[in-house]
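Respectively, the protein sequence lines represent chains R and U.
Residue 1 is where the first sequence starts when you use the working numbering, and the numbers rise one by one after that.
Residue 1 is where the second sequence starts when you use the working numbering, and the numbers rise one by one after that.
Hints in this document: simulated from the structure, not taken from any laboratory.
Quick reminder that beta carbons are idealized off the backbone N, C-alpha and C, glycines included.
Careful, some of the hints might be misleading.
To be verified - Among the chain U residues that face chain R by a calculated CB cut under 7 angstroms, a handful are:
1) 3
2) 37
3) 61
4) 62
5) 65
6) 398
Stated by the list, open to error - So these bits of chain U aren't anywhere near chain R, every CB distance computed over 10 angstroms:
7) 118
8) 119
9) 200
10) 221
11) 222
12) 235
13) 242
14) 299
15) 409
16) 416
17) 430
Listed below are the residues making up each chain.
Number of protein chains: 2
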Amino acid sequence: MRPKPLSGFPEFLPSGRIVEQAVLDSLRETFELHGFASIETRAVETMDALTRKGEITKEVYVVRRLHAAEGESGDDLGLHFDLTVPFARYVLENAGHLVFPLRRYQIQKVWRGERPQEGRYREFTQADIDIVGENTLAAHHDIEVALVMLEALEALHTRFGVPPVVMHVNNRKLAEGFYRGLGVEDHMAVLQRVDKLDKIGPDAVRTLLVNEVGLSVADADKCLELATICTADTSFVERVRALGVEHPLLDEGLAALADVVAAASVAVPGRLVADLKIARGLDYYTGTVYETEMAGFESLGSICSGGRYDALASDGKRTWPGVGISVGVSRILVPLIAKGALTSSRSVPTCVLVAVDAEDTRGAAMATAARLRARGISCEVAPKADKFGKQIRYADRRGIPYVWFSDGSVKDIRSGEQVPADADTWFPPDADLRPLVAPRG
Amino acid sequence: MRPKPLSGFPEFLPSGRIVEQAVLDSLRETFELHGFASIETRAVETMDALTRKGEITKEVYVVRRLHAAEGESGDDLGLHFDLTVPFARYVLENAGHLVFPLRRYQIQKVWRGERPQEGRYREFTQADIDIVGENTLAAHHDIEVALVMLEALEALHTRFGVPPVVMHVNNRKLAEGFYRGLGVEDHMAVLQRVDKLDKIGPDAVRTLLVNEVGLSVADADKCLELATICTADTSFVERVRALGVEHPLLDEGLAALADVVAAASVAVPGRLVADLKIARGLDYYTGTVYETEMAGFESLGSICSGGRYDALASDGKRTWPGVGISVGVSRILVPLIAKGALTSSRSVPTCVLVAVDAEDTRGAAMATAARLRARGISCEVAPKADKFGKQIRYADRRGIPYVWFSDGSVKDIRSGEQVPADADTWFPPDADLRPLVAPRG
Chain R
1 MRPKPLSGFP EFLPSGRIVE QAVLDSLRET FELHGFASIE TRAVETMDAL TRKGEITKEV
61 YVVRRLHAAE GESGDDLGLH FDLTVPFARY VLENAGHLVF PLRRYQIQKV WRGERPQEGR
121 YREFTQADID IVGENTLAAH HDIEVALVML EALEALHTRF GVPPVVMHVN NRKLAEGFYR
181 GLGVEDHMAV LQRVDKLDKI GPDAVRTLLV NEVGLSVADA DKCLELATIC TADTSFVERV
241 RALGVEHPLL DEGLAALADV VAAASVAVPG RLVADLKIAR GLDYYTGTVY ETEMAGFESL
301 GSICSGGRYD ALASDGKRTW PGVGISVGVS RILVPLIAKG ALTSSRSVPT CVLVAVDAED
361 TRGAAMATAA RLRARGISCE VAPKADKFGK QIRYADRRGI PYVWFSDGSV KDIRSGEQVP
421 ADADTWFPPD ADLRPLVAPR G
Chain U
1 MRPKPLSGFP EFLPSGRIVE QAVLDSLRET FELHGFASIE TRAVETMDAL TRKGEITKEV
61 YVVRRLHAAE GESGDDLGLH FDLTVPFARY VLENAGHLVF PLRRYQIQKV WRGERPQEGR
121 YREFTQADID IVGENTLAAH HDIEVALVML EALEALHTRF GVPPVVMHVN NRKLAEGFYR
181 GLGVEDHMAV LQRVDKLDKI GPDAVRTLLV NEVGLSVADA DKCLELATIC TADTSFVERV
241 RALGVEHPLL DEGLAALADV VAAASVAVPG RLVADLKIAR GLDYYTGTVY ETEMAGFESL
301 GSICSGGRYD ALASDGKRTW PGVGISVGVS RILVPLIAKG ALTSSRSVPT CVLVAVDAED
361 TRGAAMATAA RLRARGISCE VAPKADKFGK QIRYADRRGI PYVWFSDGSV KDIRSGEQVP
421 ADADTWFPPD ADLRPLVAPR G
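Just chain R, same shape as in the assembly (with noise of 0.2 angstroms):
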């Protein structure tokens, strides 16, 4: 009886493995040129940390031992949803043996009990950057994170054909001194309003400012040009500006999103845009927020988001301030490996299939295949001493390219190229050495 996948928890097959390998390295790469540390943390956290957030604790999964003894609490422990939650708490934990700012970058699993759909999983990978000062944390950091994760979306994008994205950046403060200059004393209701508006539309938007929040009609219509705003320059600023309304805070926001820009469009022209109706929902940041789409891919929703915390931790005496983004690296390969828009030239790592006469020279075969990896290049031993036409079939139902036989040639078996070679010298074009990562094409 065959088992049944598990709906959201996707799975990759060994080819499609070999593409979030590739990918996940390469973030890695990136990351750590900037030098930001790896830490991983364990799967589970307290369900006391967990919960703590009001919103998430629906999606939540709780784990415990099947025979929990007798007084045991069964439901102390879940598995965490994000990779925020036990950062903080690592921090917090371990704040005696680390050395701040701290820039770090964490790739893991995360589980959501939410119902699954495209672009949404239960089990599903992602990998985050933070840096986190101890009390403060300049202001150039914001413009860090977002200049190092879209340096590793494009290597993505140019090195193996992941599908290009553009950064949509706003400040919390902006909004909230905009709608402080109007007048409004409850921002949030505000921007939980205008937070809709890609969902409802404007005039549904309208409404509910009218009605629930109090607004009069032409201060609503103010909030939506406002989040209508959307520039790939700093022009965004003489169109707030244009709209009349004055407050300290707004002046902060439009500054601090202004340097986002300017840094972004010399660093990654056209990779970053301020848009003005990005709200980052419920979540609690302070300052700049980031969501991000993917060119072709925009009804999976942000591929990679984040923003800054003005106490990511605190203990009471001291405060964390932070900023971060995370890249859903589920959300981006799932699809793009089941379309098959991303494949790899191979399903296993070898270059050489080392073939065997007969059983009995099986050790000269390994002997050959010891000189070759010696040097970095994958080999296999063919498992049996079939025929050679089957041991070439056994290379070609992988995507093994090289069949080096026992009189010391090796063979192309794509182009049937079959030439004399010396196990301790031959090394295979570039290109060959491991799969190859790309578009399929």
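Chain U: place on chain R using the hints.
For chain U alone, kept in the frame of chain R given last:
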């Protein structure tokens, strides 16, 4: 309030994580050089799949959604406790898309709800290799997986100073044939008692064999003698023959084990012994079995175990026999890192800190860093335009070896030597490019 660590869920500080990453990268490199393809499976399996082997159920962590809907079964998923059960399910589920023999490695966390103690964790990382055939699998793969794993562990020894290991190998057919040759019907009953030899000693085992299994004292003594045979070469065959027991299955086991030992004594001298007391308790192995001790850490138990299954999986029509070995990465690393026996030369990947003269020249420092990164050198830009002494201290606290100054010079902060340098051509010594992982001292 500082959160406390959870017993049994080890986490590393950033420098320990660098050690772990180096070890995992090295394992992956060896496995891939031998043509093993990576797979990852979801963290959860159905409870049905997890509890098929009665023994293990007490250790399973059950997973359920906190707000599971009315009537929704809450207890049908559990966290995997090894990587063999998930792999068997994966093979069965995807058999139509896989090619056999399939060589796979799998490096993931697993969870067991057992009482934490040294060498036993509730969450830990395993690295498994297996080779699985469709209906048949040649015996030479029993030799191969042992040699690949020993090569992988030897690389950890020579690269990082992980203590050397000795793999202890036996064959279930050898013991079964021997017991059957003595006229024993229930060979498992004998095996399970002999398996207690290290724990309770020979006299107690003899008593059990006589009183519980009904052996004569002479036969019980022969079983005990068999269990004491441990040789680094094939001389164990003669010593078994000298006990005067005969059975076709014994011949088969002796020949298979002799093949493994003979091959290993050439390929990895001193690293593998025939040890006829190895039984692997209640695991369902059917031929070769492996256990591994790490020098100086024998009290941890086996750090690397496995064996051959006649049927890793079966769908009623086809069976998939397999042979595999699993290394307990956490079991090796958690004590070594905690004791400081293995350390990293720094707590960050960063090789160069680019100093900042003043905040308005941060852009120039970022440009310098980008030029270094373009050639694979990990860089950070100083977070603050502090006095240079403070910026050097920032590097020093993290173990970053070099500080780059805007006058076009680079300082090795360990020696104090400062030399003129060009960001497009300067390169650090190989030993400084990445954190170095080595035994302390």
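Hint by hint, here is what the structure shows:
Contact between residue 3 (chain U) and chain R, as hinted, is supported at the beta carbon level, the nearest pair being about 5 angstroms apart and thus within 7 angstroms. Given hint, residue 37 (chain U) at the interface with chain R, holds; its Cβ is 4 angstroms from that chain's nearest Cβ, closer than 7 angstroms. Because the beta carbon of residue 61 (chain U) sits about 5 angstroms from the nearest beta carbon in chain R, less than 7 angstroms, this interface hint is met. Look at residue 62 (chain U): its Cβ gets to within about 5 angstroms of chain R, closer than 7 angstroms, so that hint holds up.
A least Cβ separation of about 4 angstroms between residue 65 (chain U) and chain R falls short of the 7 angstroms threshold, and the interface hint therefore holds. Taken as an interface hint, residue 398 (chain U) checks out: its beta carbon lies about 6 angstroms from the nearest beta carbon of chain R, inside 7 angstroms. Distance check on residue 118 (chain U): its Cβ is at least 18 angstroms (rounded) from any Cβ of chain R, clearing the 10 angstroms threshold; non-interface status holds. With a closest Cβ-Cβ approach of about 18 angstroms to chain R, residue 119 (chain U) is found to remain outside the 10 angstroms limit, as its non-interface label requires.
No Cβ of chain R approaches the Cβ of residue 200 (chain U) within 10 angstroms, the least distance being about 26 angstroms, so the stated non-interface status holds. Consistency note on residue 221 (chain U): stated as away from chain R, and its beta-carbon is indeed over 10 angstroms from all of that chain's, at 39 angstroms minimum. With a closest Cβ-Cβ approach of about 35 angstroms to chain R, residue 222 (chain U) is found to remain outside the 10 angstroms limit, as its non-interface label requires. With a minimum CB-CB distance of about 21 angstroms to chain R, residue 235 (chain U) clears the 10 angstroms threshold, and the non-interface call stands.
With a cut of 10 angstroms on Cβ distances, residue 242 (chain U) stays outside the contact zone with chain R, its closest approach being about 29 angstroms. Distance check for residue 299 (chain U) against chain R: the nearest CB is about 25 angstroms away, which clears 10 angstroms, and the non-interface claim stands. Every beta carbon of chain R lies more than 10 angstroms from that of residue 409 (chain U), the smallest distance being close to 20 angstroms; the non-interface claim holds. At roughly 22 angstroms, the least C-beta separation between residue 416 (chain U) and chain R is larger than 10 angstroms, which holds for a residue marked as non-interface.
With 10 angstroms as the threshold on Cβ separation, the claim that residue 430 (chain U) sits away from chain R holds: the shortest Cβ distance comes to roughly 16 angstroms.
The structure is consistent with each of the numbered hints, conforming to all of them.
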